Amino acid sequence: GAGVSQSPSNKVTEKGKDVELRCDPISGHTALYWYRQSLGQGLEFLIYFQGNSAPDKSGLPSDRFSAERTGGSVSTLTIQRTQQEDSAVYLCASSLGPRGQGSSYNEQFFGPGTRLTVL
Amino acid sequence: AQKITQTQPGMFVQEKEAVTLDCTYDTSDPSYGLFWYKQPSSGEMIFLIYQGSYDQQNATEGRYSLNFQKARKSANLVISASQLGDSAMYFCAMREGRGTGRRALTFGSGTRLQVQP
Chain P
1 GAGVSQSPSN KVTEKGKDVE LRCDPISGHT ALYWYRQSLG QGLEFLIYFQ
51 GNSAPDKSGL PSDRFSAERT GGSVSTLTIQ RTQQEDSAVY LCASSLGPRG
101 QGSSYNEQFF GPGTRLTVL
Chain G
1001 AQKITQTQPG MFVQEKEAVT LDCTYDTSDP SYGLFWYKQP SSGEMIFLIY
1051 QGSYDQQNAT EGRYSLNFQK ARKSANLVIS ASQLGDSAMY FCAMREGRGT
1101 GRRALTFGSG TRLQVQP
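Chains P and G, in that order, give the protein sequences. Residues in the first sequence are numbered from 1 upward in steps of one, following our numbering. Residues in the second sequence are numbered from 1001 upward in steps of one, following our numbering.
Same shape as in the complex, but just chain P:
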């Protein structure tokens, strides 16, 4: 009964370096989301995976950001050539997917996040 897990919990990197953030969704959840939360702000959508469909990348802020989801489970968010404005908490969420109605099908379960600091 594990929830969504993310690693690392904290990442400090130097400007210009690449970073990879990992998300393990809840087993059986077909939908996976990445969000970014800057200090004191709400969550900003980045990318969405649903099953084997092509991901919705409409929220990615630049081409330095990319994500993949292998085998319909684990996802990795990669930020290349990090900038100071990339500093934020990166949150991953998963849900059962688009079938049905009601909160049990709509609820997104969030991981604890990865706090990224770019020096």
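Honestly, the hints are just simulated from the structure, not real lab data. Quick caveat, the model's predicted, so the values are computed rather than measured. Yeah, the Cβ is synthetic: ideal placement off N, Cα and C, and Gly gets one too. Among the clues, some could well be false.
So, partial list: chain G residues that the calculated Cβ filter (under 10 Å) puts toward chain P [as the list claims (entries may be wrong)]:
(1) Q1006
(2) Y1037
(3) S1042
(4) M1045
(5) F1047
(6) A1088
(7) F1091
(8) G1108
(9) G1110
Chain P is already provided as a structure; the job is to place chain G on it using the hints.
Quick look at chain G alone, frame taken from chain P:
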């Protein structure tokens, strides 16, 4: 235009009193869902309550209820009998559409609630 607007950056409430956190939304899609999440200082996002656009009754979950006024496009969260542990950031969020389209949430900027003893 903002999809989700939370006009109260901060709120104070006395313990055991009720508090209403405001949320208005903007969508032209007839099918949508509204969510409230709680984010304590530890950072995790905790789902509180959900309201579907076609739901006839206001959603309730324990001490949480959602005052859904569709014509006004508002979805205020009411917390009854506030507890010290309710102190946190509260986010209103919306998901538009149904089916296999994008299911990501659009979040408001949040309201920081502080419950005072």
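Going through the hints against the structure:
1. Taking 10 Å as the C-beta contact cut-off toward chain P, the hint placing Q1006 (chain G) at the interface holds, the least distance being around 8 Å.
2. Interface hint status for Y1037 (chain G): upheld, as the beta-carbon distance to the closest one in chain P is roughly 8 Å, under 10 Å.
3. Given the 10 Å rule on beta carbons, the hint for S1042 (chain G) holds: about 8 Å separates it from the nearest Cβ of chain P.
4. The interface hint given for M1045 (chain G) holds, since its Cβ lies 4 Å from the closest Cβ of chain P, which is under the 10 Å cut-off.
5. Taking 10 Å as the C-beta contact cut-off toward chain P, the hint placing F1047 (chain G) at the interface holds, the least distance being around 5 Å.
6. The restraint placing A1088 (chain G) at the interface with chain P is violated, with a minimum CB-CB distance near 14 Å, outside the 10 Å limit.
7. Taking 10 Å as the C-beta cut-off, the interface hint given for F1091 (chain G) holds, the closest approach to chain P being about 6 Å.
8. Hint status for G1108 (chain G): holds, given a least beta-carbon distance of 6 Å to chain P, under 10 Å.
9. Hint status for G1110 (chain G) relative to chain P: holds, with the closest Cβ pair at about 5 Å, below 10 Å.
Comparing the model with each earlier hint shows a violation of hint 6 alone; every other hint is respected.
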